[in-house]
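Listed below are the residues making up each chain.
There are 2 protein chains.
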Amino acid sequence: MATFQHPLSALTADEILLCSKLIRANFESPQSLRFKGISLQEPSKEDVSLFELSGVVPARRAWINYYIAGTRFFYESIANLGERGVESNVMVPAGLHGPTDDNEILQVEKLTLADPGVQEEIKKLELPPSAVVVCDPWIWGADAADEDERKYQCYMYMRAARNSGHLDSNHYAHPLSFSPVFDTVTMRVTRIEHVPTGGDFETKPTGPARITEPNEYIPELNDLRIDLKPLVITQPQGASFIHEGDVLKWQKWSFRLTFNYREGMVLHQVSYDGRPLFYRISLSDMSVPYGDPRPPVHKKQAFDLGDTGAGIMANNLKLGCDCLGAIAYVDGLIADEEGRPLKKQNAVCIHEQDAGLLWKHTNYRTQRAALVRKRELVVQSIITVSNYEYILAFIFDQAGELAYEVRATGILSTQPIDPGVSVPWGTVVHDGVLAAYHQHILSLRIDPEMDGEHRNSLVYEETAPMPLSPETNPHGNGYVSRRQVVKTSGGYDLNSKQNRVYMIESSSKVNPVNGQKTAYKIHVPAFQPLLAQDDSFHYKRADFADHSIYVTRFRENELFAGGQYTNQNKQTTGVRKWSARKDSVQDEDIVVWVQFGLQHVPRCEDFPVMPAEIIKVALKPVNFFTRNPAVDVPPSSQESNQSTLIRARRMQAELSHARVGAEAVMSWTRF
Amino acid sequence: MATFQHPLSALTADEILLCSKLIRANFESPQSLRFKGISLQEPSKEDVSLFELSGVVPARRAWINYYIAGTRFFYESIANLGERGVESNVMVPAGLHGPTDDNEILQVEKLTLADPGVQEEIKKLELPPSAVVVCDPWIWGADAADEDERKYQCYMYMRAARNSGHLDSNHYAHPLSFSPVFDTVTMRVTRIEHVPTGGDFETKPTGPARITEPNEYIPELNDLRIDLKPLVITQPQGASFIHEGDVLKWQKWSFRLTFNYREGMVLHQVSYDGRPLFYRISLSDMSVPYGDPRPPVHKKQAFDLGDTGAGIMANNLKLGCDCLGAIAYVDGLIADEEGRPLKKQNAVCIHEQDAGLLWKHTNYRTQRAALVRKRELVVQSIITVSNYEYILAFIFDQAGELAYEVRATGILSTQPIDPGVSVPWGTVVHDGVLAAYHQHILSLRIDPEMDGEHRNSLVYEETAPMPLSPETNPHGNGYVSRRQVVKTSGGYDLNSKQNRVYMIESSSKVNPVNGQKTAYKIHVPAFQPLLAQDDSFHYKRADFADHSIYVTRFRENELFAGGQYTNQNKQTTGVRKWSARKDSVQDEDIVVWVQFGLQHVPRCEDFPVMPAEIIKVALKPVNFFTRNPAVDVPPSSQESNQSTLIRARRMQAELSHARVGAEAVMSWTRF
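Chains A and B, in that order, are what the protein sequence lines are.
Going from the first sequence to our numbering is simple: count from 1 and add 182.
Going from the second sequence to our numbering is simple: count from 1 and add 182.
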């Protein structure tokens with residue numbers, strides 16, 4: 183059996199196989215099981231510390247999540263892989279459900295389309311014979327307190343009549359109004375609902391479809407522009423990073439990169455120049471609530487990590503497409519629904535990019551310019567969640583900054599609307615197509631170990647005017663900063679008027695230059711918090727969507743801001759609940775949850791595919807270093823950059839004249 | 183005489199020479215003049231329209247600003263170049279002063295260092311014989327209501343004792359406490375002040391200097407990292423843009439690029455796919471107020487455009503340093519203090535860059551990925567303002583977005599501080615070095631002609647929850663957007679809680695898909711407004727620094743948010759005053775002023791040179807197009823991108839095992 187490399191390394195293929203074998207052996211009689219997740223149960227921080235210090239290998243455990251197929255019996259198990267035994271196997275309480283999986287969605291789609299009742303509805307559309315109807319199964323959401331079946335709400339579309347034969351024709355441009363409900367225990371359509379198509383809550387029975395113009399995104403169905411010249415990025419001496427095992431090293435940074443079915447990329451033991459910064463950092467959760475109040479679409483609220491999984495949905499990235507330059511790819515290893523290892527090929531790509539100037543200064547006396555360019559290391563994964571895409575990337579720079587960037591792209595989830603109708607909760611983006619307003623609210627989980635200390639504090643700094651005073655502020659220009667320690671776990675907000683900036687401080691390490699505690703600050707753009715009412719399911723489920731910052735005291739197994747099980751969950755089971763313990767968080771082992779996102783009021787420009795909206799959270803040193811850590815980056819030079827001078831097709835009359843007429847003053851006249 | 187190309191083209195060399203000649207001829211007896219600015223007096227929009235429609239060339243006029251040298255007599259003139267005559271010549275009222283110029287700063291520095299009183303102070307420092315003292319003349323600011331001399335406050339430094347012989351040694355790491363005041367009429371030091379070095383307002387007489395360690399930014403005085411491999415960007419088929427005369431065309435964009443001494447780059451007649459968007463757009467002003475309340479540094483408040491000039495300070499950009507790839511350079515033409523044309527070589531660079539993915543979608547059924555990369559056109563200028571640098575760029579993308587990016591870098595303006603002392607308005611960034619808190623507040627002036635209409639409106643959209651109601655919002659998830667037209671000129675704010683987004687709308691053009699008025703929205707990050715008290719000079723001078731958005735009705739000669747003359751100005755003379763006219767701005771010829779910036783609480787990491795802080799304002803179409811305008815961008819392909827696969831130095835045991843063990847499940851099992 184291949185051995186793992188480090189206690190934090192992801193499960194190997196053999197280990198995944200062993201997990202499903204152990205679970206199967208746990209049953210007295212053979213059972214058909216549907217696995218929903220198999221991943222490493224990370225050892226405790228103490229055990230990892232002990233391993234690092236003295237090589238003591240902690241027990242190797244796995245976390246396993248599965249259904250008895252065709253039932254609502256859903257289990258969570260811990261297996262001890264060294265001892266080849268199941269240590270615990272607990273049925274998940276009623277009201278909590280497992281996530282979907284890729285094959286399940288394909289299965290639901292196929293069975294729904296084959297359903298006689300659905301076929302009956304399709305007939306009522308009176309479509310031309312070549313027409314193709316498509317089904318997008320959607321995660322159910324939450325509707326009533328007493329419901330406990332795991333279900334899908336299926337949204338129906340057709341391909342453009344003209345492009346029916348094209349498998350990748352954009353069906354989101356042709357939404358239909360009937361919507362089957364699918365039950366995952368019986369694997370059947372249980373009823374057919376209708377989406378309102380007018381300006382109110384009323385629904386209409388299915389009738390003949392109106393044939394509308396296509397709106398396609400694939401290149402062969404568009405006239406492409408022809409005036410874009412290639413731009414080629416090469417690294418003749420290779421990449422500057424080293425990747426060995428899980429460890430990536432680049433420009434004084436070092437970290438472990440692993441991958442699991444739920445979070446996708448996870449970083450551990452992130453350090454700069456040998457000084458630890460973060461023990462663990464990952465995208466923890468995401469909620470996408472929609473604003474159309476009308477059933478059945480009122481339930482739409484995707485939790486793309488908890489309901490499906492960023493690892494499961496990771497794209498197979500292609501050389502020269504998803505990134506440019508000298509690129510390394512990392513495969514991910516997850517379990518399929520049978521509990522077999524499934525390789526997610528090229529799930530993560532690693533490359534460097536140039537990001538403009540990092541710093542420049544010209545001494546105006548000597549005209550000597552010193553400048554360096556900003557090189558970045560990008561560790562990227564792209565996920566497709568049905569209609570939508572997220573491009574997720576950790577970006578490291580040479581000045582000690584670690585950023586997390588999200589690009590939101592893909593296709594709007596659309597619904598039908600009658601011609602001439604408009605509604606205040608959505609935008610008509612194509613003939614007969616409504617794109618409802620929605621929010622994207624993400625949560626980045628940061629488990630710090632600032633400057634090597636397990637105990638850290640979250641503080642915030644504000645800048646405020648000094649009161650006018652003849653003694654202390656006679657001219658009224660004075661202002662000062664104030665730091666406040668966050669003492670209790672909870673949700674906290676930004677305040678741009680006060681320029682509030684949150685920072686993670688070490689407990690006792692100080693900067694020798696100014697005596698400030700060494701720290702990293704969190705640059706996070708303000709977002710509009712969740713708009714749903716406090717007693718709505720939307721609000722209760724999106725545990726993290728109401729504050730830019732949450733801080734909790736570390737506890738094992740508190741990894742996902744919306745709770746372990748988000749699918750159809752109706753309660754607060756995540757960070758809002760954990761932070762309500764009101765733990766003291768000053769100089770403690772803390773976890774900081776950073777929320778950020780987008781209010782998406784769709785525009786026509788977002789259809790048929792959306793230009794990426796870019797959001798970025800940046801973690802930057804604040805008196806962590808004694809000086810600019812990038813002062814030692816080699817200068818930018820033409821020798822290494824090999825740029826090309828373009829002679830502009832410029833009418834030169836005026837400037838060549840200037841060259842003659844002003845020869846004497848071409849350089850600065852010195853006094 | 184070389185003729186200009188277009189009524190909006192910048193003055194030619196001959197025209198600049200003609201201007202100074204006409205002014206000189208205006209005086210009965212020869213006068214020694216010091217020119218402060220000569221630039222095009224732009225023709226009215228009506229005249230430009232007439233020219234575009236029927237070729238009628240409007241009168242060619244220049245705006246000229248000059249002193250009678252060695253006096254406080256300061257004039258503003260308009261010359262008619264076609265008629266070769268001065269149309270107006272007005273003395274600028276008392277209290278308003280002209281900007282500095284590069285030669286004046288060098289002159290002030292030299293005269294100050296030669297001043298006997300200053301030499302006396304230097305002696306008191308008891309420096310080693312090799313020591314070198316450096317003088318940074320600073321724009322005076324404003325101190326008292328009755329002062330009317332144009333002055334400099336000089337801040338004094340020395341080079342590191344160890345690096346005295348190095349002309350580019352970083353003197354900002356060694357600030358001195360005496361500070362000469364220089365008068366520009368007599369061109370003399372009039373008195374010597376002292377900067378407090380303790381925690382209070384007290385100043386001390388000059389005594390022996392403490393010799394401290396250097397903190398250098400230039401590469402030869404640092405140990406450089408050696409593990410950064412080259413990254414080369416080439417465009418084998420050349421650049422995708424065309425530059426003819428002042429006109430730049432790229433990826434359906436078209437605009438005129440000109441350059442003047444004050445604003446540097448100015449764009450006119452910006453259109454996409456033949457549809458006009460903006461008549462004129464430029465960086466209009468900038469204010470950098472400091473928070474240390476103690477004289478003499480309480481006055482520090484730089485207006486880098488109005489007090490000096492973004493054109494005057496533009497760097498000579500170097501191939502393969504300031505940008506990469508296939509690069510075109512544009513020279514700027516300004517006037518020197520003698521009224522002669524001065525070529526600012528390579529003042530603007532133009533190049534394309536790759537900016538990651540623009541959009542992507544994978545059909546999960548077919549696994550077909552469609553994706554395009556985001557190519558951008560960057561039009562960049564870099565300015566050095568004494569210690570500090572701004573990297574300024576207009577960035578165009580293929581989806582109709584125009585962004586304005588500012589990178590703030592360079593060296594902190596420092597002052598001395600005694601060992602062991604800390605103050606709440608600054609950070610100790612090096613032994614004996616205090617960097618006071620300061621704000622950078624910039625103003626981007628946008629004169630729109632949305633969708634070809636001269637009359638536009640500023641509107642804002644907010645998203646807000648629907649009240650809970652059994653009829654209209656039974657599940658509490660509903661939310662709606664509301665648009666509000668800004669009816670009156672004034673200053674307006676952001677509101678992230680309501681997700682307030684400002685948009686510039688055409689008057690009557692509607693999007694055929696949804697009937698919305700065609701518009702562009704303004705993405706501007708929130709900033710902390712000016713912190714100085716309302717009755718301070720800081721506040722009165724920084725006319726624009728209190729609101730994210732100002733809107734005014736267009737009037738000729740209202741170009742600069744802080745007013746025409748910012749140097750030592752003590753009154754509100756800019757956009758705050760103009761907007762107080764309370765003009766109706768609905769469906770009018772409006773100007774939108776977008777403010778953005780940084781609260782800069784320095785960190786050790788910002789010294790000896792600051793990693794660029796990046797701020798960006800983006801103008802994005804909102805229902806301006808009927809669909810994503812970038813849907814026709816050719817797909818990203820390895821054929822054109824030619825990326826290289828890096829084989830990770832990875833311990834392959836685990837994954838090669840997975841490949842064998844899981845061969846059967848390497849691709850998705852289909853149901």
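By construction, these hints were calculated from the structure, which means they are not laboratory data.
Be careful, since some hints might not be right.
As the list makes no split between identical chains, a pair holds if one copy fits it or if it spans any two.
[Stated by the list, open to error] When the alpha-carbon atoms are kept at most 25 Å apart in a straight line, the in silico DMTMM-like pairs for lysine to aspartate or glutamate are as follows:
no. : residue 1 : residue 2
1   : 386       : 814
2   : 411       : 771
3   : 759       : 210
4   : 203       : 728
5   : 305       : 409
6   : 500       : 821
7   : 386       : 769
8   : 431       : 409
9   : 798       : 587
10  : 722       : 653
Do the hints match the structure? See the list:
no.: 1; hint: 386 / 814; in the structure: neither (68 Å within a copy, 37 Å between copies)
no.: 2; hint: 411 / 771; in the structure: neither (52 Å within a copy, 38 Å between copies)
no.: 3; hint: 759 / 210; in the structure: neither (38 Å within a copy, 84 Å between copies)
no.: 4; hint: 203 / 728; in the structure: neither (42 Å within a copy, 66 Å between copies)
no.: 5; hint: 305 / 409; in the structure: neither (46 Å within a copy, 66 Å between copies)
no.: 6; hint: 500 / 821; in the structure: between (31 Å within a copy, 12 Å between copies)
no.: 7; hint: 386 / 769; in the structure: neither (60 Å within a copy, 41 Å between copies)
no.: 8; hint: 431 / 409; in the structure: between (39 Å within a copy, 11 Å between copies)
no.: 9; hint: 798 / 587; in the structure: both (4 Å within a copy, 16 Å between copies)
no.: 10; hint: 722 / 653; in the structure: between (52 Å within a copy, 22 Å between copies)
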